[in-house]
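Q: If you read the protein sequences in the order shown, they are chains A and U. If you use the numbering used here, the first sequence corresponds to residues 4 to 212, in order. If you use the numbering used here, the second sequence corresponds to residues 533 to 1389, in order.
Derived from the structure by calculation, the hints contain no laboratory data. Beta carbons are placed, not taken as given, at the ideal position from N, Cα and C, and that holds for glycine. Do not take every clue at face value.
[To be verified] Facing chain A, a subset of chain U residues (Cβ under 7 Å, in silico):
| hint | residue |
| --- | --- |
| 1 | 645 |
| 2 | 647 |
| 3 | 723 |
| 4 | 725 |
| 5 | 726 |
| 6 | 727 |
| 7 | 736 |
| 8 | 739 |
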Amino acid sequence: MTSPIANWSPENQERANKILATYPEKRSAIMPLLYLASLEHNHASNEAMCQVAELIGITPSQVRSVSTFYTMFKQEPVGKYLVSVCTSISCHLLGGNEVFDSVSDAAGVGHNQTTEDGQISVEHVECIGACGGAPAVQVNYELIEGVTPDKARALVEWLTQTTPAVVLADEMQQLFGGQRSFDWGPAEHAGAIAPVPAFGPYGSAGGDQ
Amino acid sequence: MRSMPPSKEGRQPLSDTKNAPEMVNITINGIQHEAVAGERVIIAAEKAGEYIPRFCHHPKLDPVGKCRQCLVEVEGPRGKQLLPSCAIYVTDGMVIDTQSDVVKKAQKGVLEYLLINHPLDCPVCDKAGECPLQDQTMTHGPGESRFVEAKRKFKKPIPVSDLVLLDRERCILCDRCVRVADQIAGDPLITFNERGNQTQILTFPNEPFASYFSGNTVQVCPVGALTSTDYRFRARPWDLEITPTVSLRDTVHSNAEINTSRGRVIRVYGATNDHVNDGWLSDKDRFSFGAINSDERVTTPLRKTGTGFEEITWADAIDTVSARLGAMIGTEVGSIGGANNTNEEAYALSKFMRTVIGSPHVDAQLGDGFEPQLAAAVIPRAKIDDIDAATTILVWGPDLKERLPVLYLRVRKAVRNGANLVVVAPTRTGLDAIATHVIRYRAGSGQDVIRKLANADKSMTAILETLAEGPVVTLFGRTSIAEDPRLAESVAAYGRTLDGAKLMPLLQRANVFGALDMGLAPNLLPGRISTTDTDASSHIEETWGPLPDALGRDTAAMLSGAVSGDIRALILVGADPVRDFPDPQAAEKALEEAEFVVAIDAFVTDSSRHADIILPAALWSEVEGTVTNLEGRVQVVGAALPPKGQARSVIGMLNDIATSMGAELTSFDVSVVSKEIATVAPAYQGITRDGIVFTSSGAGIVVPSQEAEIIVEMAPRYASMAPDAVPTEASGSAVIVPAQGTQPLGYIPTDQAVPMVTDRYTLHYAPAMYDDGVITRHAPSIADLVRDPTVGLNPRDASILAVANGSIVVVDGSVELPVRIDEAVPEGSVVLPFNHAATKGLQAVPAVTVEPIRDES
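Start from the sequences and build out the full structure, keeping to the hints where you can.
A: Shown next, in the form of structure tokens:
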């Protein structure tokens, strides 16, 4: 029997094995493995969920039960850059909705939609914990605070034109951000390589450190 | 392999254990009660007469505390607090209030909350009338809804399997079906999805809820969310007539109730008998009633003509049969079958053959079982309850999940509660995933494994350590119809040597144990008496008159006798040897050659179409009587309907034939026949139909094992063809499959240096749950669930033959099927589905040839 992940990249295969080895109860690995599978398949596709199920020894239905609970496991494919605009209460009060409209207008797609070229997906999200720096936007879960509608438009245009391989929170903050909530400390240099959240210890998105 | 979470409540105390459960004092609504320590509060309250409303609670499922309907007040160190009574356990001195204003307000609030998204479409809902949500809304709920917002909308209904439909709008998310699928059936194929505002039960896309136990989810659903395809919109619960019965689709005899409306069976529900089935049914038990209503039933007596059959009257049929049989010498007549009938019918047949006809040639087995004395009278015999109490369970027989599904649930429950399980079979079985040890062996080399176990071979060390942890219950039978029946005897003999041994014989057909107990075997008389036991048989002769002296023939010997001319007439009683006998061509030839064949059958089958006369037989749900299951438990089957058309019970027709032959057989009244059995059959002393109905509180009565019932090395006193047809066993190595698939396969070297693959492959030939059996074929709900047949081959053999998955091969020069490469098939073996349209005609020989079809072009 061939491994269900035989077609994954060698790095991800190795990460999967590392993740599985970490947990005494294999089922605990379901979420990190789902991130890895999402990285391989761009989203938590049926195929990805079946592979996770087989690795853990549960049914695909049980994996899907977990996967569909979390909005950050994408059930549909998303673009190379996932732009998430916070429209929860603090951001809303400080113009989050206008920021969202601006992003949506610049990208030409609405909530939960992806541009035709597969570059940019747009969504509005609930609180991402940056209330002090509202309104906040994330690109591939890398945070930018104090974004204005104009800066947001510029952000989308920058993403479209320069198509960076890795997006860095600090770089985007400098280019498109405003007031920050607080000093976040030393700069993160890893950045995000895909619209899948980083899963720190396993480097499931940001590469191994 | 899927892991199984252990039960949260551990091993349940058995009613007959010597250690009485620890009792504690609790106060419910100001009144002191005794309760079993560790019992759920909701159950303790129910026993004390306080019914607490509930939806998610189910006594056979782990508590989840999901619906909150069962909130009660419990006094604690910080004063009274509301707790879900289904998820807390009684402790000494617990003070519980189930009626306070706070409790009532909480329950009312929960109910209102549950109804927020419920469509209240009771007028078009099948559950209305037997719906806990409806009942509790009527009892506790507010008369009016305060909810004016839009309710959730879902597409309705969606199929979750071929048999079950889901209406998500009605679902109250109680988790019962999900728990049944996971905890009971072990098929967690339905789960909560999109949890949050849109929570719903779903299967994975394109992976239907293909469980053998899916119907149980419909029965436990406390609302109308899950409905079965064959009951939906067919009846109203208050129009249903309910007849208690037991299922005869296998030898477990799961308790059930037949629901009829306007003269048709329209639903079968499980009934709870904790000694037998815990309330569960397999889908085969539940959905095969369609055959009863089939238009293809034989409803009048038929006589064979040159071109087919013509309808005749009963009088004509009885005259013909009695005249033809009466003109023969008794020993020229044989009867095959009787396993699908009640004990009373089997008794009447046994008495009819041995006294009216004067023939000892009776056999309820069709060469597919094993030694009748071993099956009927093995000691110490295990009860189903003993499986719960066992420390170790050894299963060496048919795949329980396919053949005895409710027994599979019982073994699963025991393992979940901590029992060890050792499974021995040539190929994968449904129990492998939860087994402590799995031994696989090349089909035909089972004796090798026994030798290794008995000689404490080094390769078996780990397994023997497990088997040393008694008490050990051994479930033994034939793993496949191609297997030597004597292997089952060896397994039983080995099982007896284990610590605290109890043995359970695994025959599969309906009431075959009852039939054997009634003497439908060439070497058995009613009441588990050997034909060689002259003392006991003289007791039977007091009632029956003289018994025939000749040596009885089993099915194989009767069929060969029909060809040689020794047997001139064959009576087939619900038997289809052309399909079920290991050598179908021999069976067909015998039926063609026999001078006179009577078939008592409900359908024209491959066998009964050779009959000169077909007598229409009543089916399950049309005949009343007692039946005996695989642990020897006698229970009552109920008649919910009169037999279809002119069909009759076997007792009636045999009585008429006997009368026509100038003899007297027995009464037409089942109760009287049952009393006659209780007088004649020693083991059944005091066990009557009326006694069970009125005194056993629904649990049935287990036939007590007799001291004299010694088994395992008996000398069968009957003639049989079977042993000669089986050559000496094939040799091969056993494979011990590591549990959970975490270690590499370990091989046991073979005893003799015999090449593993010659030109012949040893055959593992066993039916799946949905086979081409006559009832399954005529039950519309399940007829289409028969799996596509394949030839299972080991990867190594497949590479030797140069075939891939899906390549067509020819087995035994006659059957063409696609290959399925499976490492669970031992090297040198081939796995084929028995009783499947595609393998019809293939002889169940120990070994077959397999040849690939080469592209000629």
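Q: Give a verdict on every hint.
A: We went through each hint and held it up to the structure:
This hint is violated: residue 645 of chain U has a C-beta 21 Å from the nearest C-beta of chain A, more than the 7 Å allowed. For residue 647 of chain U, the shortest C-beta to C-beta distance to chain A is roughly 25 Å, which exceeds 7 Å, and the interface hint is violated. Restraint check, residue 723 of chain U versus chain A: the minimum CB separation of about 4 Å is within 7 Å; hint holds. Because the beta carbon of residue 725 of chain U sits about 5 Å from the nearest beta carbon in chain A, less than 7 Å, this interface hint is met.
With a least beta-carbon distance of about 5 Å to chain A, the hint placing residue 726 of chain U at the interface is held under the 7 Å criterion. Because the smallest distance between the Cβ of residue 727 of chain U and any Cβ of chain A comes to about 4 Å, under 7 Å, the interface hint for this residue holds. About 4 Å separates the beta-carbon of residue 736 of chain U from the nearest beta-carbon of chain A, less than 7 Å, and the hint is met. Nearest Cβ of chain A to the Cβ of residue 739 of chain U: about 6 Å, under the 7 Å cut. The hint holds.
Checked against the numbered hints listed earlier, the structure breaks hints 1 and 2; every other hint is satisfied.
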